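The residues making up each chain are set out below.
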Amino acid sequence: MGGKAPLVTVEGLRVTAGGGRSVIVDDVSFSIARGEVVALIGESGSGKTTIALALMGYARAGCTIAGGRVRVGGVEPIGLAPAALARLRGRTVSYIAQSAAAAFNPAQRIMAQVVENALIHRLRSRAAAEARARALFRALALPDPDGVGALFPHQVSGGQLQRLMAAMALITDPALVILDEPTTALDVTTQIEVLRAFKRVVREQGTTALYVSHDLSVVAQMADRIIVLRDGVVQESAPAAQLLTAPAHPYTRSLLAAAAPAPRQAVALPAGAAPLLRVSGLVAGYGPPDARGLPAVPVLHDIAFSIAPGSVLGVVGESGCGKSTLAQVIAGLLPAARGSITLDGEALAPRAAGRTREQLRRVQIVFQMADMALNPAHSVRRILARPLQFYHGLRDAALARRVAALLDMVRLPQALADRLPAGLSGGQKQRLNLARALAAEPALILCDEVTSALDTVVGAAILDLLAELRRELGVAYLFISHDISTIRALCDQVMILYAGRCVERGGRQVMQMAPMHPYTDLLLSSVPELRPGWLDGMSATHLAEAAGGLTRAAARLACPFQPRCAVRLEDVCDRVPPPVQPLSKGASILCHRGEAELLRAQATAAPLHASAD
Amino acid sequence: MSPLARLLAARLASGVLTLLIVSLLVFLATEMLPGDVAQAVLGQSATPDAVAALRAAMHLDQPGWLRYLLWLRGLLTLDLGRSLVNGLPVASLIGSRLPNSLLLAGLTALVAVPVALLLGITAAVWRGTAYDRVVGVLTVSAVSVPEFLVATLAVLVFAVRLHWLPAMFYGLDLRSPGHMLLVFAMPVATLSFVVVAQIARMTRAALTNVLDSSYIEMAVLKGVRPLRLVLRHALPNALGPIVNAVALSVSFLLGGVIIVETIFNYPGLAKLMVDGVSTRDMPLVQACAMIFCAAYLLLVLLADLLAILANPRLRHP
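Protein chains in written order, with the working numbering: chain W, 68 to 680; chain C, 8 to 324.
Hint data in this document are derived by calculation from the structure and do not stem from the laboratory.
Everything numeric in this text was worked out from a predicted model, so none of it was measured.
A few of these clues could be false.
To be verified - Derived Cβ-Cβ restraints for the label pairs, each shown as a range:
id, chain 1, residue 1, chain 2, residue 2, range
1, W, Ala464, C, Ile28, 41 to 47 Å
2, W, Ala625, C, Ala212, 47 to 53 Å
3, W, Val647, C, Ile315, 56 to 62 Å
4, C, Leu19, W, Ala195, 42 to 48 Å
5, W, Leu487, C, Leu19, 43 to 49 Å
For glycine and all other residues, C-beta sits at the position ideal for the given N, C-alpha and C.
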């Protein structure tokens with residue numbers, strides 16, 4: 068990186084927690100040259116955020132910077148007096164946090180928070196700072212750059228907030244910007260726009276940046292150099308292209324492998340078997356029902372599908388598309404307004420309270436937040452014993468045997484049986500949730516984003532376990548995820564939801580075959596690829612579609628995707644409900660456009676995801 | 008109508024409804040007390056004719072619901088009836104005491120609320136330090152000690168032993184600050200004891216919650232200094248619970264000061280009500296109960312409205 072002195076040097080950084088009992092960051096050294104974008108990559112608990120915060124002389128509660136030297140542009144933040152630290156923070160080094168929704172103060176208008184940095188560091192007058200902020204809003208491609216500052220954070224979408232936080236960080240023209248997982252909480256189509264905005268601003272202003280992430284594909288688009296961390300220790304540090312194509316360290320190789328999961332072994336299903344679960348004409352939502360019995364805030368519109376015994380139906384869609392609501396309706400937690408749900412030909416009551424114990428036993432649910440679904444005061448044994456007693460009346464020795472068998476089934480050591488959930492890791496907690504569902508011996512398990520809160524490697528192990536349990540026990544899954552690669556890895560059938568409508572449904576293979584519903588096309592091409600040039604090479608069509616986002620007004624249109632769609636028919640798609648249309652590849656889509664038209668549009672617009680599998 | 012206006016209107020309407028229910032309960036409770044009021048007023052030697060005449064004059068011969076409506080109309084027109092004991096209008100009896108109660112409550116609030124907020128905020132900012140623990144122990148102790156004990160001890164020490172302060176309340180002279188300080192020192196201090204502790208603890212809890220949030224960490228990383236951090240970033244978000252704690256405590260000051268008024272012989276509303284109960288002066292008791300309930304509801308309502316207005320999600324949906 069030239070003969071110039073680097074902007075940032077870190078030497079032998081060591082951070083401990085719990086009064087020195089555990090080491091979070093151990094002997095980490097690296098440097099960042101001026102104008103360079105360096106990525107810190109690793110799984111949760113690898114110490115990447117801790118290192119980033121140490122560059123600002125900050126340690127979270129319970130952590131202590133125990134040793135090492137950090138220099139940022141001639142200043143050593145570690146051990147600096149509070150007043151000098153306050154001058155460094157936000158001025159020389161600024162920070163973009165993972166969740167903008169949580170990092171914006173709910174009680175202040177956006178503009179006040181964006182310009183605060185410039186004002187407390189006495190860099191600009193309020194008027195000049197606000198003018199600079201508006202210029203940044205424009206550079207970050209925010210809609211309504213002149214009006215957005217007057218809003219409160221809750222009035223703005225997550226993707227916009229993330230860009231507003233970038234403006235907040237850049238307003239002081241800091242020497243170094245730290246981006247801490249800035250797009251992790253976003254949907255893939257939103258992520259594209261935010262990443263592009265970040266990248267453009269970083270390039271134009273020649274910003275030096277430290278990009279913290281767990282996602283190699285995202286980092287591949289942003290970084291000049293990548294540092295791989297594990298358990299607070301640097302594993303490998305190399306230029307981005309080199310690290311991605313020729314990883315030297317085995318851990319880097321395992322990360323790369325987990326980023327593109329292989330499909331799990333498929334199971335041959337008996338042809339023509341009667342469906343286990345059949346859902347038709349399902350309408351559900353929240354709020355008081357109107358005169359026609361329809362909910363005030365409709366979430367699901369006319370959903371129909373069936374699941375064969377022992378098969379896996381994947382439900383994909385971005386946040387707010389109604390996928391979790393679907394699981395809740397099937398579980399009877401949220402009664403449907405219309406439509407029917409049958410289990411083995413037997414109609415299920417809309418509410419769980421109206422179902423028989425046997426019906427309840429046969430459908431189990433596993434939630435995304437493994438933590439919150441476990442009672443922190445109950446031991447593992449007690450958590451597993453409850454469904455065994457309730458559904459099967461087991462007691463004493465039989466109960467103990469079955470608990471032990473369940474722990475074996477989900478590969479949890481028997482020694483954990485008497486622990487409380489707090490003593491388990493994230494992956495172990497999710498295994499326990501799965502074991503609890505299995506305790507009922509269900510025919511169908513509703514898996515609601517069960518791997519989304521886990522690290523890729525841990526999540527991949529859960530996927531393996533699910534595939535294996537299905538082979539051994541013949542249990543069927545309704546597998547909900549926003550992550551297309553997970554869906555591809557596990558599911559036989561896939562259903563894609565957009566604004567509560569099923570826009571495409573078909574077998575796993577057809578999800579990679581053209582033509583597809585325009586939204587499926589956008590969704591698939593929005594999944595970041597490990598290739599460094601992927602983001603810059605996106606087609607203009609997809610970029611325009613990704614930029615739109617779902618608005619409240621659009622959700623009420625006959626086809627909610629119409630305002631974003633590149634092949635929309637004006638005056639048709641927004642008024643006439645699109646028909647369900649079978650495609651020759653074996654899928655059905657909800658669209659006005661014919662197969663030939665879609666094929667032509669998608670062939671010219673985007674040959675990008677042809678390389679996906 | 009905007010959602011905010013609708014929310015405020017709904018909150019106001021529920022306040023009025025609650026007050027109506029309270030009036031019904033107060034009326035029923037006093038009705039259920041045993042004994043015939045007319046007989047009690049006229050004494051054992053009264054002739055049946057005289058008792059019947061008085062009953063008619065007091066509408067006691069009419070059905071209960073009608074008497075309730077008559078009483079309710081009286082409340083609305085501030086015609087609270089006459090005392091059964093001395094025949095004076097209840098309104099004027101209350102009128103002579105209410106300012107005293109308001110003065111005591113007001114002075115206590117003036118002393119206690121700022122002290123409590125200061126203690127609560129500083130404890131939250133320096134949470135986990137020795138200072139925080141000392142404040143915690145002191146406030147828990149203050150909440151747990153009954154006020155009659157505090158008052159009695161205060162009298163023993165400052166009046167009986169040291170002769171610094173008068174043991175009993177002996178009249179008001181609003182023009183002399185020295186005199187005010189002397190007579191109000193002990194009642195105000197006793198009442199503040201409990202109130203400060205409650206508000207301080209709630210303030211600390213609410214603020215601690217906010218100080219642990221991501222947006223406060225973000226502000227620290229922007230280089231915001233501690234004072235600005237607390238006043239501009241944290242406090243506005245903790246306002247709802249703090250205002251509620253203040254309202255609850257101040258309403259306690261208005262209604263729950265019977266012990267303090269009795270011990271210091273302070274001529275306030277609570278003491279008037281206690282006297283009314285012991286002499287079976289039902290119109291007086293009813294009116295006092297309604298005033299206490301209304302004051303409580305009004306303060307809680309005010310706190311709710313403030314909390315709603317302080318929430319930008321509700322102000323700007």
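Taking the hints in turn, this is what the structure says about them:
1. Between alanine 464 of chain W and isoleucine 28 of chain C the CB atoms are about 58 Å apart, so this pair departs from the stated range of 41 to 47 Å.
2. Between alanine 625 of chain W and alanine 212 of chain C the CB atoms are about 50 Å apart, so this pair conforms to the stated range of 47 to 53 Å.
3. For valine 647 of chain W and isoleucine 315 of chain C, the hinted distance range of 56 to 62 Å is not satisfied, since their beta carbons lie about 46 Å from each other.
4. Hint check: leucine 19 of chain C to alanine 195 of chain W, Cβ distance near 45 Å, so the stated range 42 to 48 Å holds.
5. Roughly 47 Å separates the CB atoms of leucine 487 of chain W and leucine 19 of chain C, a value that falls within the hinted 43 to 49 Å.
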